[in-house]
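Could you slot chain B onto chain A? The hints should help.
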Amino acid sequence: MCGIAGIIYRDGPHAVGEDMKQMLQSMKHRGPDSTGYALYGTPSEAFRMRITLADTNTKRDFDFAERLVRRRSEVEGKLRAVGASVTEIDETTDYTSTFTFDYSGDLKTLADQVESVRDTQVLSLGHALEIVKDIGDAETVAAQYNLDKMQGTHGIGHVRMATESDVDIAGAHPYWAYPFSDVAVVHNGQLTNYFYWRRRLERSGHRFQSACDSEIIAVYLAEKLAEGTSLEDAMTQSMEELDGVFTYLCVTADSLGMAKDELAAKPLVLYESDNIIAVASEEIAIREVVPGEIETYDPFEGEVMVWTR
Amino acid sequence: MDAVVGESQITYDARGLVEVDDTVLGVAVVKDGKATIDASELTTRKINLEIRSLVYEQGIEDVTILNPGGKHSLGVGILTRCKMTFEGSLGYFALGVIDGPEVTVNGRVGWSACENMMAGVVVINGNAGSLTGAAIRGGDLVIKGRVGARTGIDQKGGTIIITGAAGSNTGFMMQRGRQLLLGDVGPHLGDSMYDGIIYVAGKVKSLGADCVPGEMTDEDLEFVTRKMGLYDLGTPPELQKFVCGKKLYNYDNLEPHERKLVL
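Line order of the protein sequences matches chains A and B. Position one of the first sequence corresponds to residue 1 (our numbering), numbered consecutively onward. Position one of the second sequence corresponds to residue 1001 (our numbering), numbered consecutively onward.
Read the hints as simulated data drawn from the structure, not as lab findings. Hints are supplied without guarantee of correctness; some may be wrong.
[Said to hold, decoys possible] Below, simulated DMTMM-like cross-link-like pairs (lysine to aspartate or glutamate); rule was C-alpha separation at most 25 Å, straight line: (1) A:Lys-28 x B:Asp-1022; (2) B:Lys-1203 x A:Asp-61; (3) B:Lys-1144 x A:Glu-293; (4) B:Lys-1205 x A:Glu-262; (5) B:Lys-1205 x A:Glu-164; (6) B:Lys-1144 x A:Glu-241; (7) A:Lys-149 x A:Glu-88; (8) B:Lys-1205 x A:Asp-243; (9) B:Lys-1203 x B:Asp-1232; (10) B:Lys-1205 x A:Glu-240; (11) A:Lys-108 x A:Asp-119; (12) B:Lys-1046 x B:Asp-1099; (13) A:Lys-149 x A:Asp-119; (14) B:Lys-1241 x B:Asp-1154; (15) B:Lys-1144 x A:Glu-88; (16) A:Lys-28 x B:Glu-1041; (17) A:Lys-59 x A:Glu-164; (18) B:Lys-1205 x A:Glu-293.
As the structure is a computational prediction, the values presented were derived from the model and not from experiment.
So here's chain A without its partners, still in its complex pose (with noise of 0.2 Å):
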């Protein structure tokens, strides 16, 4: 089923990381597998990356511990040595890591040397954007990361219950667009043309870190982004090129994005203010940050929908 939401404040940053902890807490019975967040802070001149030195799965065994070390230490010698300069590394939890670093080259190729660290995965890159997905309802994860005091301008998060690939943070969500900066995405829905898709990528040259059918739409607008196209045009043009049933949501450094499938199979609610924008899944979760009788409405199928801050 899963659960999407998503808010972006028009008015100057805000506590992001609380009222989309909120957002998603309500929508726990959607999907208690795993919660994600993608959420934009305050922009700064270095790039800040996530990554994950292990999945949850990862079996613990007697030198887990070391191996992690070691691990973290081969990223920060990959990054020297494509030209990086790492300002600080911060241990969140023991098997995932933020890295802070000025860099002035091809994104691709040092994520691709961040990744050729075994078990390792980029989660998130970018100036802002900072992508926190981990087994557990939105609470768990929100106070395992540190969320709560998180102040951004917006932001979209994902409660998901696995259809179609593990419980693990490879097929958690939100997806970051590999090797776009600053992309995020988060869907609710199946994809019946994957495999379609995946190929044609992986022939392009794109990787895929996961089986989960959501990474596509994240990889698809990454490549649409690269070849110039806008957000806008981007999402559009996936109406026609992506099959199945979904509503997803997208974000970039300055926007937020929606698109509903032609059946209109899945739900999204949306709520429209001058300051503030909140899309979700079921109403209550917007309740949760915007109290009072407020005039909702669902998007009609095919629209697509694009608001920037």
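Below, chain B without anything else, positioned relative to chain A:
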């Protein structure tokens, strides 16, 4: 309470979402035969138990629910005549399987509102999600706003009136009953309908399989005029009528066991 017999027998709850406690809190304020429930601090089940206790056991015929807060499955399974008013928005599966109540919702409803309604009147002063009035068998469902996709899917009777725009596949597989759509309608109107009538005042994006235009008759006009009068919707605009073309009627009339007898 007869209405809740069986609920205490739930034994499988893998996701830990079932509310086990089935005691009625009795927080409703009753004055002059009218009850008011403030639902802001109550869970879905407590609200529904409270309503059922009022209408079934205490004989109250007018219940107002304040601050429903978009919660799911509110007001379901009320099988008696009464008046209910929701001051606020409801979530998914609101007012499902009701038989008799006269309901006003001053807010929005989510997906699958009034699913399988048997009889009664529901007026929603707001927008509605998809699958509104799925499989209704009777009664009037009036939405004063826009609705999502597949409104009245599998409709088997009753009347659905929508003042705003309607999404795709409206009247999908409808079998009986009437729909009055006063706004614009999305693609695949009346797709694979078996029977029933759809009146449309706005623009139709496209017709579904085997849905064809019909001839407006005096009876049609009288029906629409009366219904619109009932719900203060003014006089009927110019309407198009759509019915089933019956080109997809490929099945024979015999049930499988009958066929065996004949052959």
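Hints, verified against the model:
For the proposed pair Lys-28 of chain A and Asp-1022 of chain B, the alpha carbon gap of about 22 Å is at most 25 Å, so the pair holds. The hinted pair formed by Lys-1203 of chain B and Asp-61 of chain A fails the criterion: a straight-line CA distance of about 65 Å is larger than 25 Å. Among the hinted pairs, Lys-1144 of chain B with Glu-293 of chain A is consistent with the structure: their alpha-carbon atoms are about 17 Å apart, no more than 25 Å. Restraint check for Lys-1205 of chain B and Glu-262 of chain A: the C-alpha separation of about 13 Å stays at or below 25 Å, so the hint holds.
Pair hint Lys-1205 of chain B plus Glu-164 of chain A does not hold up; C-alpha atoms about 34 Å apart against a cutoff of 25 Å. Taking the CA atoms of Lys-1144 of chain B and Glu-241 of chain A, the gap is near 36 Å; set against the 25 Å cutoff, the hint is violated. Distance hint between Lys-149 of chain A and Glu-88 of chain A is fulfilled; the C-alpha atoms sit about 20 Å from each other, no more than 25 Å. Proposed proximity of Lys-1205 of chain B and Asp-243 of chain A is supported: the alpha carbons are some 22 Å apart, at most 25 Å.
A threshold of 25 Å between alpha carbons decides the hint, and for Lys-1203 of chain B with Asp-1232 of chain B the separation of about 22 Å falls inside it, so the pair holds. Of the pairs offered as hints, the one joining Lys-1205 of chain B and Glu-240 of chain A holds, with about 18 Å between alpha carbons and a cut-off of 25 Å not exceeded. As the CA atoms of Lys-108 of chain A and Asp-119 of chain A are separated by approximately 18 Å, the hinted pair is consistent with the 25 Å bound. The suggested pairing of Lys-1046 of chain B with Asp-1099 of chain B holds, with an alpha-carbon distance near 21 Å, which does not exceed 25 Å.
Of the supplied pair hints, the one linking Lys-149 of chain A and Asp-119 of chain A is violated, its CA atoms being roughly 30 Å apart against a limit of 25 Å. Using a Cα cut-off of 25 Å, the hinted pair Lys-1241 of chain B and Asp-1154 of chain B holds, with the two alpha carbons roughly 19 Å apart. Taking the CA atoms of Lys-1144 of chain B and Glu-88 of chain A, the gap is about 56 Å. The hint is violated against a cut of 25 Å. The hinted pair formed by Lys-28 of chain A and Glu-1041 of chain B meets the criterion: a straight-line CA distance of about 19 Å does not exceed 25 Å.
Proposed proximity of Lys-59 of chain A and Glu-164 of chain A is supported: the alpha carbons are some 22 Å apart, at most 25 Å. A hinted pair counts as satisfied when its Cα atoms are at most 25 Å apart, and Lys-1205 of chain B with Glu-293 of chain A does not qualify at roughly 32 Å.
Hints 2, 5, 6, 13, 15, 18, counting from the list given before, are not met by this structure.
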